[in-house]
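Note that the protein sequences, when read in sequence, are chains W, U, C and V. Residue numbers for the first sequence follow our numbering, beginning at 1 and rising by one. Residue numbers for the second sequence follow our numbering, beginning at 1 and rising by one. Residue numbers for the third sequence follow our numbering, beginning at 1 and rising by one. Residue numbers for the fourth sequence follow our numbering, beginning at 1 and rising by one.
Worth flagging that the hints you see were computed from the coordinates, not collected in a lab. Computed from a prediction, not measured in an experiment: that's the story for all the values here. Quick reminder that beta carbons are idealized off the backbone N, C-alpha and C, glycines included. The hints are all genuine.
Which stretches of chain U does chain W cover? Using the computed rule of at least three CB atoms under 8 Å from a CB of chain W, they are:
1. 175-189
2. 196-208
Take a look, some chain W residues computed to stay more than 10 Å from chain C by CB distance:
3. ASP15
4. LEU22
5. TYR42
6. GLY50
7. ASP207
8. GLY232
9. GLY276
10. THR296
Some but not every residue of chain W turned toward chain U, in silico, with C-beta under 8 Å:
11. VAL176
12. ALA201
13. GLY211
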Amino acid sequence: MFDTVLDASVVGETDRLRELHLSAYRFMLQARLLDEKLASLYRAGKIHGGVFLSRGQEALSVAIGVSLRKTDVFAPLIRDSAGRLAFGETILDSLQTCLGSALGPMRGRDGNVHRGKPREGYLAMISHLGAMISVVNGTLFARRFKGVKDVVGVTCIGDGGTATGAFHEALNQAAVEKLPLVLVVANNQYAYSTPNDREFACADLTDRAVGYGITPHSVDGTDLTACLDVVGRAVAQARRGEGPQLVVASLLRLCGHGEHDDAGYIDPKKKNSPLGRDCLKVAEDILLNRQWADATEMAVWRNEALRIIETTVARVQREPAPDPFAEHWTAISTRDLRETHDELGV
Amino acid sequence: MFDTVLDASVVGETDRLRELHLSAYRFMLQARLLDEKLASLYRAGKIHGGVFLSRGQEALSVAIGVSLRKTDVFAPLIRDSAGRLAFGETILDSLQTCLGSALGPMRGRDGNVHRGKPREGYLAMISHLGAMISVVNGTLFARRFKGVKDVVGVTCIGDGGTATGAFHEALNQAAVEKLPLVLVVANNQYAYSTPNDREFACADLTDRAVGYGITPHSVDGTDLTACLDVVGRAVAQARRGEGPQLVVASLLRLCGHGEHDDAGYIDPKKKNSPLGRDCLKVAEDILLNRQWADATEMAVWRNEALRIIETTVARVQREPAPDPFAEHWTAISTRDLRETHDELGV
Amino acid sequence: MSITYLEAIREAQAVALRDDPRVFIYGQDVAAFGGAFKATKNLAREFPGRVFDAPISEDAMIGMAVGAAVEGLRPIVEMQFADFSTAGFNQIVNQAATLFWRTKIPCSLTVRLPFGGTSGSGPFHSQSLETIYAHYPGLIVMTPATVEDAYSMLIAAVAIDDPVIFCEHKFLYYHLKAEALPSEALPVGKARIAREGRDLTIVAYSAMVHEALAAAAELAPEGWQIEVVDLRTVKPLDTDTVMASVARTGRLLCVGEAWPWGGVTAEVIARVASEGFGLLDVPPQRLNAKDTPIPYHPNLWAAHRPTARAIAVAARKMLRQ
Amino acid sequence: MSITYLEAIREAQAVALRDDPRVFIYGQDVAAFGGAFKATKNLAREFPGRVFDAPISEDAMIGMAVGAAVEGLRPIVEMQFADFSTAGFNQIVNQAATLFWRTKIPCSLTVRLPFGGTSGSGPFHSQSLETIYAHYPGLIVMTPATVEDAYSMLIAAVAIDDPVIFCEHKFLYYHLKAEALPSEALPVGKARIAREGRDLTIVAYSAMVHEALAAAAELAPEGWQIEVVDLRTVKPLDTDTVMASVARTGRLLCVGEAWPWGGVTAEVIARVASEGFGLLDVPPQRLNAKDTPIPYHPNLWAAHRPTARAIAVAARKMLRQ
Ligand SMILES: Cc1ncc(C[n+]2csc(CCOP(=O)(O)OP(=O)(O)O)c2C)c(N)n1
Ligand SMILES: Cc1ncc(C[n+]2csc(CCOP(=O)(O)OP(=O)(O)O)c2C)c(N)n1
Ligand SMILES: [Mg+2]
Ligand SMILES: [Mg+2]
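With the sequences and hints as input, model every part of the structure.
Here it is as structure tokens:
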């Protein structure tokens, strides 16, 4: 988590950029390696339910995480492993959730991407697309209500999710309330198998911003530098009180919708276009070209990340599964108001 | 119902315009007088439930009705008495519904503005704002599916209704399907008591169009000539296959939200601005100025309309109320699948 | 001095706003205008910065409230009519109702639903939706029948750490009056014996309590002593009080204004049949609205919902068995 | 040759498309991709211009289908998961379900809901929503339990002039196989005796029919003959068949995978208690899922929903009474 230092000297600015890139790159790398581990655990039948990867979307996602402060609000979506890590989620939290550990933040009750720690400003998404945006609005509204200043809330959605009524209501609400919301749209060209042209008919999704009276930003989602710049700027503008910001990134999902999906529907032309570049590779090139890191350092970081992932997997696999007999089978917190009626007592 | 004749000579064009205005004006007048009658019936306790009037919105609404053909689709909203009449609804249908006659199109099951004859392309709105737009999409989709050509579907919404998720999903859907939909937004500055600035934050509601990839149109909703021109053009464009059209009219509701409401919240500045002009009066001035009609003719039309309204009220008041014992208490059409279970048989 | 059910709801919100700085109100036309029914009349003026007009965005209204609850606030959301809550349904049942179970963060949030039939209101301004909310885990569903309960249960609802669907009956808004607001209240979650009797138990809630009481009054001169149980909250459902009443009377008639399939009445009867089968001297019966949308015309409306008369007819049948 | 429940659903849609030019399919990823579960595999190719991908707009998807139904078409809408139908809830319950009653225009429309729990799917991909739809007047709610019924009931659903909520159980998609598709079928609206017995009636539907059958098999060696009634449609609910079975057995256990408050099991028991009280030798019982969201972890999930084992335990208790 870095803050934008606005009036730094050129040298200071270069240092800052270097730090930012290095930090971002390392989270991207961790996210990618973690994703690969999840994929292999899934193939080995160790993960129940679905696995949804972020491959190709790490640059955009990480830019969110590194642009935010611990005191901000973040509601990630399915393809935000990099942003989650950068915002402060541990690899342990992630693996505990995916492997259903009773000790994880979701205690085996919810899985995979549906994790978070709302009290830490890190919201746990529900599956219904669009539904998290107004929840972020609510946290920002509440902080303003309580007199807390300098807060930004970021949440993400896919191109497909922009067609939901929830998206519209929430963006409009944020605009009416002038909330410091940044909505990041990852336009990865497809909603599951459905291409953009069956999802919307505007020339560009940023065209929606003016209809809400909010500020649009476009970015090449495969380019880490661009993402850091644009997302960082959007976050800074929101923080300065300029109201909601809409960031639309163009990129391609370099994996299936979930690990069950071979993504055979993706147009090879898109894959071979600049959209299809692997943002991790692009980031590496940036670091190498600018001589901010060399291959040896990168190998060290990779090995370090792998080691943490492997030891964490080993640890989580030894953790207890949730025990249905020890489970509190109630969905409400008020003890007195639990349904006492018990079917058959079986 | 008139069609735009595009390559008419100037004289022909003037004749056409005159006819259009005269026809439109007479429907507006009927609508206004019918509304006034409804208001007085309401005050006299003869109408159960709410009464929602169109005062101030007749020019916009009538422009829809006269721009459509019998074979088009129209889903009016609460302030469309003029458009309904122009589209072919009879004063009888309207009064039967408002007075709850068993012989009316809604048979006392539904009331006031919730009337229609869907088989005639005239849809019966539900109350949930925004919900009719996608239904109109469906009728247009179906006609294309069946190979029916040259159809337009128009539906209406208020400024407040543009904040619903349903509005967004349906406009987007129409754009993706390139349907000949015209959505007419009557921006009467308030949603019930809530002013525009608590409803949306864009500079103008037409700004939404580009976000859907559809064509925007703005119009002064108090000016009949402008409404006929702009709505007529939008309908013609949709008919020509240019896809969905969004018309946003500025005007003021010159009555309460319903007849129970004194509209005390309306800013007097707005009332005294051009927005607050009475479109019926404006239309009269247009007709008089262009010498398309004189005061005597207008008085004749008024008396004629009043006479029809009065005789129809008298007729409907003699019609039977729905009889609960004769009622088919089932919500489904398939006789075999009605719930046979009958509570207590009482 | 007398106070209506509607005024009690306003007063309860005033108390909540006064006593707890975390409380705010969000809904269409609730601020300067005081709400479509005037349930928030003057509150925006009395509590500046605590009452906010919402756009016509039920989904986002609930979502916003959930976010605020996550941050420890206690929003009260007014739906203009219960019927429109279907547009916010997803956020209620999937976001608010699951939050605590998933994340351990209690979701303190009150959704006020002006509900139930009034003459002439028709299919979209008359619905009783307690059943669809009660079906979902994670929600508390209150259905106060009296001015006193409208007041004290709403105060309680706001204080509860879980999402409460507060079903306030529009028919009672102006019709029902009390002398004064209560200083004490039954605990939330407990049913109330609205009238004592020993021949038959009528279980009802909200407006139907009054129809049941009228039926009981109608049957009294015939020598029947009818006990009326007012459920107060339908989830959790106070099976014990119902069962104790049926133990006294041996006869159970359950009345609801909602549609017949799978509602409160089915739940009550299923519980009594399972757990108190032996208490029943005659088959338990229920009375609900008809299985159609709610009609607009007063004649149809009166036949659509259970009335004191229909309840009395049903009760007589059971009493003669 | 054998055919799965999922394939039967695909075949039924192929038949509907082939036999009736008014039929079309609309849903997310249903066209070229063949749907998230492949329930529409190849249909877009076999029936060009009849299968359409929808944006992620459940509200508009249903609205569009209603408009098409008004025009006389017969849309089949696939929800990607039943859970997401809450986003189209308003259009289903207020638009589709009220259309015929309000306007005399039948609303022929089938909403396919892939529903029910599968291990690891968690709170938002496992829900059973038949109750909330059945509660509303104007909808028919089908819950086929067999490959044969999945096929013939879906064909029937499309032919019916009213909106049908077609609840197809994801757990049965691949697990359940039949030798061939049926050429005949029970009438829609009729329940089926899935297994005959004379000691106890288990009423179930959808996936729970198989748990009930397994429980019946488990109890057979103990000398108990369990009758299993498969409801097939939960609205309308075939009370007669249930009652006739209870008349034979005197014992009723009702099993549902949905949440406990106010669902199918409550409705069945309430009806039998009201109309067939004298047939019951012991108190009727029911078994539902627990009153929490559906857990992700397989251990929790297995304990959350009724299983053959839990059913057998409950049945034994009742049989010993
Ligand atoms: C309201 C809703 N409807 C349907 C779904 C099922 N669903 C899950 S992901 C997905 C596609 C999402 O596409 P997009 O928003 O572009 O995100 P991406 O997967 O491309 O990152 C769909 C349809 C859902 N989660 N929520
Ligand atoms: C989804 C939904 N929420 C709330 C309402 C209640 N309601 C009826 S009319 C209205 C205000 C509508 O304002 P606008 O759309 O501007 O139309 P106008 O009345 O100004 O013509 C509201 C909130 C509704 N009908 N539908
Ligand atoms: Mg996408
Ligand atoms: Mg308005």
